[in-house]
Structures are given as structure tokens and as C-alpha cells.
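Model the placement of chain L on the given structure of chain X, informed by the hints.
Line order of the protein sequences matches chains X and L. Counting the first sequence from 1 gives a position; the working numbering is that position plus 309. Counting the second sequence from 1 gives a position; the working numbering is that position plus 309.
Incorrect hints may appear among the rest.
Treat identical chains as interchangeable: a pair holds within one or across any two.
[What the hints assert, rightly or not] Subject to a maximum C-alpha distance of 27 Å in a straight line, what follows is the list of computed DSS-like cross-link-like pairs (lysine-lysine):
hint : residue 1 : residue 2
1    : LYS355    : LYS469
2    : LYS400    : LYS362
3    : LYS363    : LYS400
4    : LYS507    : LYS355
5    : LYS420    : LYS381
6    : LYS343    : LYS400
7    : LYS507    : LYS381
8    : LYS343    : LYS414
9    : LYS355    : LYS381
10   : LYS507    : LYS414
11   : LYS381    : LYS400
12   : LYS507    : LYS469
13   : LYS381    : LYS362
No lab work stands behind these hints: they were computed from the structure.
Number of protein chains: 2
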Amino acid sequence: MVQYPSKLGGRRQTGRASIQSESNFANRGMSFEKMLNETNSYYLTKGRAVIHKKPTPVQIVRVDYPQRSRAKIVEAYFRQASTTDYSGVYKGYYLDFEAKETRQKTGMPLKNFHAHQIDHMRQVLEQDGICFALLHFSTLQETFLLPAEALIQSFQENWKSLPIEFIREKGYSLSLGAFPSVPYLEIIEEHLIGGNSK
Amino acid sequence: MVQYPSKLGGRRQTGRASIQSESNFANRGMSFEKMLNETNSYYLTKGRAVIHKKPTPVQIVRVDYPQRSRAKIVEAYFRQASTTDYSGVYKGYYLDFEAKETRQKTGMPLKNFHAHQIDHMRQVLEQDGICFALLHFSTLQETFLLPAEALIQSFQENWKSLPIEFIREKGYSLSLGAFPSVPYLEIIEEHLIGGNSK
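Chain X with its partners taken away, still in its complex shape:
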């Protein structure tokens, strides 16, 4: 159980929570998460891939059952995710990824990732799954697909942040569009399946 940042935008967050909420939302315009949800729903509608965001893990402690109305959860807590947020299937391939957004210009703070998620990525790679992170720099207006191997390396070496130069070198730049907003399947098709990897 952890102190988990709110996605509902509470005011009383401190320290770590505020860092995470900074990276979860764009300052203006559509959040990266929303763009990704749109993208996944576009891919689903077009029959191109089946990718879903996992529900936020919640530990439910108390539920009320008012007569004639639906069950109401009255006490629950956020739990730390043990996997990445997104997974699904594309042409028989298993895809698994995490998406993060920051306003910083020099790198992506690694506080945004938890050790459990990195372990999970390692396990997915061992099973020949396709695993990566989508990193959005809202101020720079740059977005990258970074293969999990590079992220795992940075974690092993205890970096505090993924420098933008490292991401540019090891990752693939994504041009955000309209339909879909975040066309990550093209990168996967060309570089992660197609064999043109860095």
C-alpha cells in the first residue's frame, strides 16, 4: 500500500505526489493520457489493435449496499500498480507499455516509474513480449517510444532521470497527429517487429 497521487487533482498533495501529477498532465491542451486513450480507441474501432488501459488498482475496504440502489464503495485506497498501465494484442504480438508525461525539458524523472513496473517489463521481455515506454515532453512538444531495454538499463544504474539525449538516441521519435493522436503502432511495425531497431 502506498501514498498514491490522485488523478482527481486534489490540492493537499505533497512532495512526490505533486511531482507525479506534474508528469501525468499536460499544462494546456489535451493530456497525453487522453490522447493515448483516443488512440487506442481509434485502433480498436479500425480493427488495428486491441489495447486497453488497466483500471487503477484500488484496495476496497468497505462497501455500502443501500436498498434499491447500486453498491457504493465508501472506503478504499489507491494501491501501487504491479504492472504497466497499457497492454494488449497487435497482429498476434503482445504489447505492453507505460506512458509518462513531463513538463521538464532535460529529461524524464525516473520517479515516474516504480521498481515493480521495471520488474514486470523484464518479465515481459523474457516472454518475448513487446515492451516499451511512451514518453511525452509537453513543453518541448516531443514524444518518444523508448524500448524497455533502455529503461531497464537506466534503472539498474540508479539514474534519477532519463536524459533527453539518451531518449533521442535509444528511442524513436513520434509525430503526434489527429487520427490517431499518438501513432505508436507505426514505430512498432517498422522498428520493433520490422527488424530496423537501433
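Chain L only, in chain X's frame:
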């Protein structure tokens, strides 16, 4: 948004909810869900597959942020799942399944599955994912892996229940064990990948 059965065992459930809770838990011994969780954790530890149960989808309405303590969710509701409960990767293959348990002896009530889940299964098959249901009959002490195609067929034809004879014919019988409790990977290896399908 739906009236969702509680997994915490509330007393005031009515109608549909009580049917579902009947099928979610074994009367005695370990629930099928628990056996599956153990199985998945065994597979994970042994490096055989990475399969996780998705968190219960919850619509969070109100969160309190008490000073110096973790965020507390004080109003939330169960939402209907739009996908199946389990998914993951095995030797590069995408696996996706739902697990259901019943005390009935003649069949598995189809009320246990939602239209959204069946749509999801159809989409997964179109992407060449491996999709199925694990069905446990606690009174009969019989367990089956039923490929999604058979489940989709029964839904299209508006059946109320999957007759046990139909499951025996279209599905694969599983012998429950100890390590792992529900050895479903063997069925997948032999019949769903190996080409010995019914």
C-alpha cells in the same frame, strides 16, 4: 455504470448479484479465483508466463486527503468490465481469458458473461490473440478450458447457459493439481498452439 456484485460478500445483494456471487466463489475450500491467482503467480515465479488479473474497474467520485496520511477514496462505484479479467504473455503469444465458477451441475449460466466481454473476445481473436474461458464446476469437481469461439457462438444464439455436454465437447478438461493449481498452459501448449485443436 452497473449494479455490480460485491466481492466482499455483502448481505444485502439481490437477484442478479447473488447469482454472480454464487458463481464467483466455491462453497468450500479455495475459490477458483484464488487457485488461478496462485497458478499465475507460480507461472510468473517459474518464468513460464506473465499473466495478471486486471484490477476491478472502479469509478472514483470523491477522495479525501487527510493531512499526513494517504489519500482515502470515500465515494466510488463498481463499473462493468469492458474486457476479460486475465491477460498476459506466454512465449510471445498474447493470452486473454475470463474465469468463472458455478455450483450448478448441468451448465454454466451465461449471465456470468457480459456482452462487452464477448465483443472483446471477438476483437482479440481478430488480432490473432489466444482467447478462452476457464470454467470451474465446483460441485462436479470438473474444470475446462473453453476456446472463445464456442463461447461467442453460444452468445450469438442467445443461449441462457452453456450445457455441460457442450463444454465437454468443445472444451478441454483440466485436472486441478497443486503446483500449479490450474495447469492451463499445458492445454494451450498442446491444443491452442500445438495444432491439436478440436
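**Report entry** Identical-chain pair category, LYS381 with LYS400, by Cα at 27 Å
**Finding:** neither (39 Å within a copy, 41 Å between copies)
Report task. Since the copies are identical, ignore which copy is meant and state whether LYS363 and LYS400 lie within 27 Å (CA to CA) inside a copy, between copies, both or neither. Result -> Result: close both inside a copy and across copies, 20 Å intra and 22 Å inter.
Query raised in the report: Quick one: LYS507 to LYS414, C-alpha cut-off 27 Å, is that within a copy, between copies, both, or neither?
Result: within (23 Å within a copy, 56 Å between copies)
Requested in this report: Have a look at LYS355 and LYS381 and pick one of within, between, both or neither, based on CA distance no larger than 27 Å.
Outcome: neither (36 Å within a copy, 39 Å between copies)
Report task. Indicate which option fits the pair LYS507, LYS355 if close means a Cα-Cα distance not exceeding 27 Å: within, between, both or neither. Result -> neither (29 Å within a copy, 31 Å between copies)
Requested in this report: Measure nothing new, just compare the shortest in-copy and cross-copy C-alpha distances for LYS400 and LYS362 to 27 Å and report within, between, both or neither.
Outcome: both (18 Å within a copy, 22 Å between copies)
Query raised in the report: When no copy is specified for LYS507 and LYS469, does a C-alpha distance of 27 Å or less occur within a copy, between copies, both, or neither?
Result: Within one copy, since 24 Å is at most 27 Å while 53 Å is not.
Requested in this report: Go through the copies and call it for LYS507 and LYS381: within, between, both or neither, with a Cα cutoff of 27 Å.
Outcome: neither (50 Å within a copy, 44 Å between copies)
Query raised in the report: Under a CA distance limit of 27 Å, which applies to LYS420 and LYS381: within one copy, between copies, both, or neither?
Result: So LYS420 and LYS381 pass the 27 Å test across copies only (22 Å; inside, 33 Å).
**Report entry** Alpha-carbon proximity context of LYS381 and LYS362, limit 27 Å
**Finding:** both (23 Å within a copy, 23 Å between copies)
**Report entry** Homomeric proximity label, LYS355 with LYS469: Cα distance no greater than 27 Å
**Finding:** neither (39 Å within a copy, 31 Å between copies)
**Report entry** Copy assignment of LYS343 with LYS400, given that the CA separation must stay at most 27 Å
**Finding:** Within one copy, since 24 Å is at most 27 Å while 31 Å is not.
When each numbered hint is compared with the structure, violations occur for hints 1, 4, 7, 9 and 11.
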